[in-house]
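K.L.:
Sequence:
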Amino acid sequence: MIGNDKLKDVISDYVNIGFVNIISNRDKIRNIERDDKMNIQGNTYKDCYYNNYKEFDWMFFFKVEEFISIDYKYNNIFEFLNDFNEYDGIEVQNRIYGDNGNLYYENKPVIERFRNNNNVVFSNYVKILLKCKNYNNNLLFNNNGIIKKGLHIKDYNNFTISKHYEGIPVYLDYYYTKSTEEYIKRNFIENYNINNKNKNNKHYSFNHLKKKYFKYNKVTKDKKRMFNLLKKKDNFVFQKYQNIIKEKAVISKEIINYYLNYKSNNTINNTTLIISMTSYPPRINGVFEIFISLLYQSANISSYQCFLTLAREEFINGEKDLPENLQKLINNGWVKLLWYHNILSHKKLIPVLQKYPENDILIVDDDIIRTYNFVEIFQKEHDKYPNYVICGIFLYIYDYKLNIHRLNGPKGEKCNKMSAVPDIIFQTGRPANGAGGVLYPKHTFTDKRFFNETLFMNLSPTSDESWQYTFNIIENRILKQTSTIIDFSVNFIEGSQKLKTSLYRINKKKYSVINENIINYFPEYKENSKNRQKKIIVSITSYKRRLKNLHLVLESIFKNKMKPSKVVLTLYKDDLPYLTDNLKYLIDNNMIELIIANNNLRSHLKYFEVMKKYREYAIITIDDDIIYSDDLIESLYNSYTVNPNCVHARRVHKIITKNKKVLEYKFWKKEYKKELNASFELFATNVGGTLYPPNILNISDDNIDNIKKCITADDIYLKYLENKRNIEVIWVPNKNLLGLKQLNDKETQKEALYKINTKGENLNDKCIQILNI
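Quick note: the sequence shown uses our numbering, first residue 1034, plus one each step.
Calculated directly from the structure, the hints in this document are not laboratory data. Bear in mind that the values here come from a model prediction, so they are computed numbers and not experimental data.
With a cut-off of at most 27 Å between alpha-carbon atoms, the simulated BS3-like pairs for lysine-lysine come out as follows:
| hint | residue 1 | residue 2 |
| --- | --- | --- |
| 1 | Lys1581 | Lys1599 |
| 2 | Lys1606 | Lys1577 |
| 3 | Lys1475 | Lys1645 |
| 4 | Lys1646 | Lys1417 |
| 5 | Lys1434 | Lys1594 |
| 6 | Lys1567 | Lys1434 |
| 7 | Lys1087 | Lys1187 |
| 8 | Lys1594 | Lys1567 |
| 9 | Lys1706 | Lys1774 |
| 10 | Lys1774 | Lys1702 |
| 11 | Lys1245 | Lys1279 |
| 12 | Lys1741 | Lys1699 |
| 13 | Lys1599 | Lys1577 |
| 14 | Lys1244 | Lys1693 |
| 15 | Lys1707 | Lys1757 |
| 16 | Lys1244 | Lys1281 |
| 17 | Lys1757 | Lys1645 |
| 18 | Lys1757 | Lys1646 |
| 19 | Lys1248 | Lys1281 |
| 20 | Lys1699 | Lys1742 |
| 21 | Lys1645 | Lys1741 |
| 22 | Lys1606 | Lys1617 |
| 23 | Lys1646 | Lys1563 |
| 24 | Lys1703 | Lys1774 |
| 25 | Lys1691 | Lys1703 |
| 26 | Lys1279 | Lys1248 |
| 27 | Lys1742 | Lys1577 |
| 28 | Lys1757 | Lys1413 |
| 29 | Lys1568 | Lys1768 |
| 30 | Lys1187 | Lys1106 |
| 31 | Lys1693 | Lys1757 |
| 32 | Lys1741 | Lys1703 |
| 33 | Lys1707 | Lys1691 |
| 34 | Lys1757 | Lys1687 |
| 35 | Lys1279 | Lys1417 |
| 36 | Lys1417 | Lys1645 |
| 37 | Lys1106 | Lys1286 |
| 38 | Lys1581 | Lys1774 |
| 39 | Lys1257 | Lys1757 |
Sequences and hints are given; from them, build the entire structure.
P.N.:
Here you go:
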């Protein structure tokens, strides 16, 4: 079941067509002891068996969270059972899966979420898949199903098990827990609360529950941290796990044999996702393993089709020059082979795009084995943002002069590894196309010059990614980072990057030349690049008592040397009657845009609604009682174009820690100016003006619950989001940290939030504790 779905809703369609019959014992099991409930369940199984055994050949009793898994050689359960007609039953052994490394519940079916062959414990516990016949009412049943009693049973329990699916054709899979979060909540928090009310209930110790959890689940630092933080705090707020996957892709022999021995039934239509790759002789031997990893995915195999495009000149004898195992994949239909002439890495996309112009295409490289969720991550992103170009990772950015920079920075610079910020939209960021994977929606490339072979082989012969990026900019496409980032560094085919013919090695020296070629040939590329970087909104909120002077703040923004794309004012609906004539004039003449908020999120409205509405814009937040200098926008913009994966602030504090704990706000170093690099220790204060790159916080209504926990401390909550999403802060040097002037209206300054947050109630420290910063 998913989310809040009820079982009856999930299976209603199957009930209506007669596939599922429901036997209800709800009235019997209410208000009785647990042991009696188990007996009633056994009696229910027994009644079901003796009332129905004449109509069926086999019967099996298992729970809704268990899944029967059969060997790949069987197409369905009926083929499997035919091999065991001579037996009265089959003992089905249990496998207990952990949580597949997830700290956090994901909204997808259980059987798709938690399938990890390296995170399983084999159990001696069995259930019996029973042949239907008259056993003279002497079968024993309990809540686990049928108990063996003198039956002729195929016993698999004595097999020695060493690897997944080795030797045994059937298992019953059970998922021990959906996530660390759920386990802690159900076994610790809920038990803790119950046992405080009822001292007679059994209460397991914290260490007992922790030990029990890690018996079945992989031990990681993050999981230990969750347990340890919980031990210290009753009001623990679960931080979302940083969505970066770094795991070694593992594929068993059984999986490989399946794709070698069985044919694909896939058909291609306009809804099929095309996964496209190219290769050449020095790397062709590793391609088979990569395709196996792309075939064995959490995504439905019928939803996508793998393609390999090769140059005839490089494989003189055609398919005969390919490795035998790769030939089998092609012959079985798992991989479609296209022959083309040699246009180097451009073969990755252009030939298949010409053949399937109405399909979405995901391009990948020929030297990286893919993890189990790779395809599904892209499919989900595309479903949510169907018109965006979805990128697995960004490695290069272009500054305002269109100079190219690697995102993890020149030597000595502190910057996020592989720009690991989920969801961010890079206006002038170039993805590592095949390495991280890029999904292009159909009709991404409509400019005919993109397909001009003479043109791209002259301007960008060795870099298909530069060519694709050029036309993304020319055609104003939005490029978005995936919500989950896969660190592919552990899954390279060994030695692939060391080849002298590797385009990665060749292009490191040629990117600047290629970039210069493109700038000189396409003036619209240069113009669009600069315009994209300047997609900046200045955002502000206010309330009824400060609206009378707000036009003075806005006038200082209009006087800035660099103009924003928009100025947006967000007001809570109840404050609309207090709009002044000056503000009405600005709104009516489209000088500012008004957003009306239905939720009174107070100071959080300076970013909340505008970030939801304008995801492709950088947002500069300002306060409603400061007159700003005319270099505000320009200074933030110049810093942003060089480091588009960081938050940029003109006024910052340094967070002070002791023994890895954040000290109270009063001990932080205020208006800190000594750190010029990006840092997690810097704390942006919006009063000075702060720039947030497009969609870097991925704001949605899901944020509201946590916002309400620190409703007066927007800066603290934003820092919480930054930490959670691996975002560093950069101080932008300037002479006016607090602007040119503060509007000292005595009436409004009495209730200024900074006084509530830093003095009096000291809400900053309370929010820091609640959000676990």
